[in-house]
Each structure stands twice: as C-alpha cells, then as structure tokens.
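Read top to bottom, the protein sequences are chains A and B.
Convert by adding 23 to the 1-based position in the first sequence; the result is the number in the working numbering.
Convert by adding 479 to the 1-based position in the second sequence; the result is the number in the working numbering.
Treat the hints loosely; a few may be bogus.
[What the hints assert, rightly or not] When the alpha-carbon atoms are kept at most 25 Å apart in a straight line, the in silico PhoX-like pairs for lysine-lysine are as follows:
hint	chain 1	residue 1	chain 2	residue 2
1	B	Lys606	A	Lys262
2	A	Lys359	A	Lys80
3	B	Lys606	A	Lys382
4	A	Lys80	A	Lys387
5	A	Lys155	A	Lys312
6	A	Lys80	A	Lys148
7	B	Lys606	A	Lys312
8	A	Lys387	A	Lys206
9	A	Lys369	A	Lys203
Please keep in mind that the hints were generated in silico from the structure rather than gathered at the bench.
Spelled out from the first residue to the last, the chains are:
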Amino acid sequence: MNRNVLLASCLSLMTMAGAAHAEYLVGIAGPMTGQYASAGDQIREGAQQAVADINAKGGVLGQKIKLVIGDDACDPKQAVSVANTMVDKGIVFMHGHWCSSSTIPASDVYNEAQIPMATVSTNPKVTSRGLKNIFRIMGSDDQQGTVGGTYLATHFKGKKIAVIDDKSAYGQGLADETAKALKAHGVTPALRDSITAGEKDYSSLISKLKADGISVMAYGGYHTEVALILRQAQQAGLKLTVMGGDTMTNSELVTAAGPASNNVLFTFAPDPRKNPEAAAVVKEFRDAKIEPEGYVMYAYAAMQLFAEAAKQAGSVKYAPLQHALATGDFNTVIGKLAFDAHGNDKSPGFVVYQWHNGKYDTVK
Amino acid sequence: MAQAIQQLINGLTLGAVYGLIAIGYTMVYGIIGMINFAHGDIYMVGAFIAVTSFTLLAAFGVSSVPFALLAVLVVAIAFTSVYGWAVERIAYRPLRASNRLAPLISAIGMSIFLENMVQVTQGARIKPIRPILTGGINLFTQGTFTVRLFETQILIIVTTVALMAGFTWLITRTSFGRQQRACEQDQVVTKVLGYNVDRIISVTFMIGAGLAAVAGVMVTVYYGVVDFFIGFVVGIKAFTAAVLGGIGSLPGAMLGGLIIGLVESFWAAYLSAEYKDVASFAILILVLMFRPTGLLGRPEVEKV
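In isolation and in its complexed conformation, chain A is listed as follows:
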C-alpha cells in the first residue's frame, strides 16, 4: 500500500517535472502578504506585464515563459522555504527577494541549486558573500547612505540630525551608512536610535525629538512607519524633514502622511519612468491602470534581463546563463545593465528626490 502511494507520488512528480519543461519557469518572490505587501504587488504587476510582453514576442529561445510567484512576507524563514519550493518546481531564473533579510538566506538556496537571480535588495551583504549566482539591479545601501548623508550634511548645516532605523537588515544597514557619511562630513548625529516596525504609536520618539530641538531625521526603514511618524509629528507641531532610502518611492506615503509628505527626501536610482526608451512600457502600464512607480519597472527589467541573457547564452542552463549575465551588457527599461565581479550593477547612481504634492522629483 505504502509503496504504491510512493510510486504514485513519484510518477506524479515526474509528470509534473515533464510538464514543466514545455515552458521555462521564472520565479518572483517578495512580500505578497504581510505588512509590506504593497511592494509585493509592485513586483508582481511589473513581472506579469513583462512576461506577457516577452511571450507576445515569441518567448525565450522559442519557449514561452511562465511566472511562479512566491510569498516570503519578508520573513527570513519563510523566504528559505519559498526558495526550496522554487527550486523544487524547477525555475530557471529568479527575481527576488525584496527584503534584504529574506534575500540573504534565500540566495544560498538558489546558489546551491545553481539558479541565477536578480534582486533589488540593497543591503551590502547581499552581494558581498562571494555568491556567483546573484546580480543586483539596484545600488546598495552604502552607496545610497553616502548620497543621503552627504546631502543632509551639506544642505542642513547647523541643524540637529537624528538617525533612526527600524532594526531590519535593510533599515539598519542604510542608517549606519548614513551616519557614517554624516560623520565623514563632521556632523555627529544628535540621536541614534531604533523603532519597532509595525507599531502605530511613535509619539514618544516625536516628543523626544521636539524636546531636543531635532528637526531633521535620517531614516532607515520602510515608508509605512515614516508616514505615521510624519503624521504624528505634524499633529505635535514638529516640522520634521525626513531623509529616507529607495522604499520611500511608494505613493502610499503620500496618501497616509498627507501634505507632510512634502518634507520627505529620499535617495533612489534615476527614475526609470523618465528613461525615454521605457516610454512605451510606461504607457502600457498606465493603460492597465498601474502606475509604474517603485519596483514595478525593476521587476519588468529583471524579466528582460533574463530574456536577453538567455538569448545571448543560447541556453537557460546555469553555466552559460550565469556567464552571460556576468559578462554581458543588457538593455532594459531601467537603462543599461552590466555587472561587476560581485554582481553589483556597474553604474547604479543614486539621486536625491523629494515628494511634492503627490509626485516625486529630483532636487539639487
């Protein structure tokens, strides 16, 4: 009896594996649920559109590609089990994960299974562990922390600056790098502290900032907390300027914080929506009622990266695909991508943006 069950499951596994080869499976993973699920939405929307477009143009090496969506909820443990499931399903390329704390453990699984991956996670550790399969299509926190910190040190001379993070791998990494950049310019942070993400009440932190006369906050973390902090600061009569990282691109910040969001500065790669070569794709998204903000275009670019690399390699097997990714140049909607020996984007570049009445734009 037991043997029959085993046999049957083996057979069904084999047929599943057989079916999988009729098309190439490409994985995406991120927080599809959980408190950062809106970023997951962006990744999914971007990747789905890209896959539809690539398939409409004949697919990759004559095969259609199919998306496998994994939900890690930004939980490192769940990320590893998602990675195992992805490997099990036989994906040939991975875009993800999103939270650095998920990407780092999951990438070990993909590395062992020899699956190349493109990620937007910005923690320096993501690419500094010598893994050959990982390629980052965005800059890293040391780069964006330096840009943000330098901006604060030069534009807010003489103001007291607090450096706050949310204890996540991403937030803490970014805040540390920002503090380092501030110190390099002779500015000592007036306060270095951490908050608990997911809470709603930050009034005690705000009263403390107010009492210490701090009006500028460099923040490492996600937009949801910044929105609450700003709203509560405004209520408490504290005009607070915030310098954040790439996560502040989310327009939820504006809906939640209201006009106070005009005081948010952040670092992000040059806006892919302004890339003239991306105009057609941007229009496609807007026609589908999706604003290609934040990570939407990055997910789209990751799929393009896979399609182009597979074309250059002439295969989706690990060795040639990895070689193509490591050595090639790729045209994507976020611009030209090429990677250094660690898998970092060679010319990421960060620019300082500011929200203004619901839109963000670069500031000098």
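For this one, chain A is given, so just place chain B on it according to the hints.
Just chain B now, with coordinates in the frame of chain A:
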C-alpha cells in the same frame, strides 16, 4: 519637565488603547480559560469598519464631527460584535470540550484567516482617512517645548474611563454580570441552575469584540492610518498587558495596559526606543516571577 508631562500624556493614551483591547483577552480567559489569539485581528477588523464608515459618511457629506464619531462607533461596534460572535461559534465552540491546546491553535488559525481575508478583500495597501479631529490644547510652554493635549487624546482617555465605569457596573450590578461571574466559577453548575451558558459565552465574545471595535475606531481617529497587519503587534502588547495585570481580572487588564503604555513612552524618551519592548517584557517577567498570577490576579484554586 515639559517633556515628561508630554510623555505622560502620550503614555496614558497608548495605555488606554492597550487596556481596551486587553479587556477582551482577559474576559474570555476569565470565562472559558482560553486565550483568544484572534482578538488583535478583531480589533483590526473594527478599525477597517471604522475607516469604511468614515469614508461613507464623508461621501454622504456628513460634516458634524460628533455625529460622525457616534455613528461610526455604533456601526463599528455592531459589525465587529457579529465578527466576535461568529469567531466563537465557528472556531471555539465546537472545540470547547476538547483539550486546552485545540482552541488555542484554532484561535491562531482564525487570526491568520482574518488577516488574510482583510488583505484579499481590502488590498494590502494602507488605508488612510483624512484627519477628523485636528485641534488640541497647548497646556504650557517651557523653553521652546510646548506641551500639547490633542482632542483625540482627550477623546481616547474619556471614552476609556467611561467604558471602564460602565463595564464595572455591568459585571458587578447587573443580572448578566452575575451570570457571567457564575459561568467563570463553574459552567456546569450555571447550566444546572438553568442559565444558557452558550449564550453567556457568546455575549461575552460580542462584548469583547465591541470593546476592540471602540479601540479600533479610536486608533483610526488618532493615527489616521489602518492596514490589515495592525492587529498583530497591538494584540501581543494587549495580551501582555492582560497577563501583567493578572489575566481574568478586568481592572488588572486596564492597569496592565496603562503600565505598558507608560513604560514604553518613558523608556523611549529617556533611554532608547530600541529597547522599549525589552523593558515592557522584562517587567512582565519580573512580575510573573514574584506574582505568578499578575498584579491583580487571584491565585487559581485547583478545582477538584
């Protein structure tokens, strides 16, 4: 000094919210001896109903703030109590006779279900509302620091005090309160005396959910932002408050909530926001070491 008073106000407000939610945990524990881990998510559902009703009222052009608040409170309490009733009926009643772990796991399952249901139906994005009460009183100024008491903070503290008073009256003076206390002592005897135990437990769940809905409305008005995940952290804090005050004790839940709110505020203000949760949980551990039943809890008498 000025900051200390501001932090006191902040802490009391936060503590009042924790206390309101903690009552839901403590009541259910008092009556059927189980921890309703879905309670934090019931609070989240209450907050969502509040956001929906505020938006609807605004769409109909209701501009009177007191009327809007009252209407939203009534709607939120009504709908959320139905949730409370349904959760008990579906997830706990069928398991009441089984061992103690089964309803606990069922509660955790219910919590995950509610979170995901709201995420799927309402979307993962945060839902903001326009500020409703924006005013406040400047109490006094010291140096450059002005101590402010917001209208929302007054609303939260006054509502909490009123509810606590009403609640104490309900438990100690009414016939239903007597039935509840009887149920707490011995369900079988209560049944023998001719009371409908199932009904008492159902109503208890509905009251707990109603209080969570009040907390949900207050938080929506105070912070202005709601997402499907807010029940988790607050739920854990409120549960801690209930245990700290002595689970099963109503004044204990309120006291526990206030202590945690104040500790968090002052710790974040004078020591480090990074370790404020460590501080609250350290206090919990200390209290449980020296008073295992919590601050106001009665020692459990083994029933023979």
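We went through each hint and held it up to the structure:
Using a Cα cut-off of 25 Å, the hinted pair B:Lys606 and A:Lys262 holds, with the two alpha carbons roughly 23 Å apart. Between A:Lys359 and A:Lys80, the direct Cα distance comes to roughly 21 Å. Compliance with the 25 Å bound is thereby established for this hinted pair. A C-alpha spacing of about 19 Å is found between B:Lys606 and A:Lys382, which places the hinted pair at or below 25 Å, so the restraint holds. Taken as a hint, the A:Lys80 and A:Lys387 pair is broken in the structure, with Cα atoms around 40 Å apart against an allowance of 25 Å.
A hinted pair counts as satisfied when its Cα atoms are at most 25 Å apart, and A:Lys155 with A:Lys312 does not qualify at roughly 38 Å. The suggested pairing of A:Lys80 with A:Lys148 is violated, with an alpha-carbon distance near 37 Å, which exceeds 25 Å. For the proposed pair B:Lys606 and A:Lys312, the alpha carbon gap of about 19 Å is at most 25 Å, so the pair holds. Taken as a hint, the A:Lys387 and A:Lys206 pair is honoured in the structure, with Cα atoms around 21 Å apart against an allowance of 25 Å.
Restraint check for A:Lys369 and A:Lys203: satisfied, since their Cα atoms lie roughly 23 Å apart, inside the 25 Å limit.
Going down the numbered hints, you'll see the structure goes against 4, 5, 6, while the others check out.
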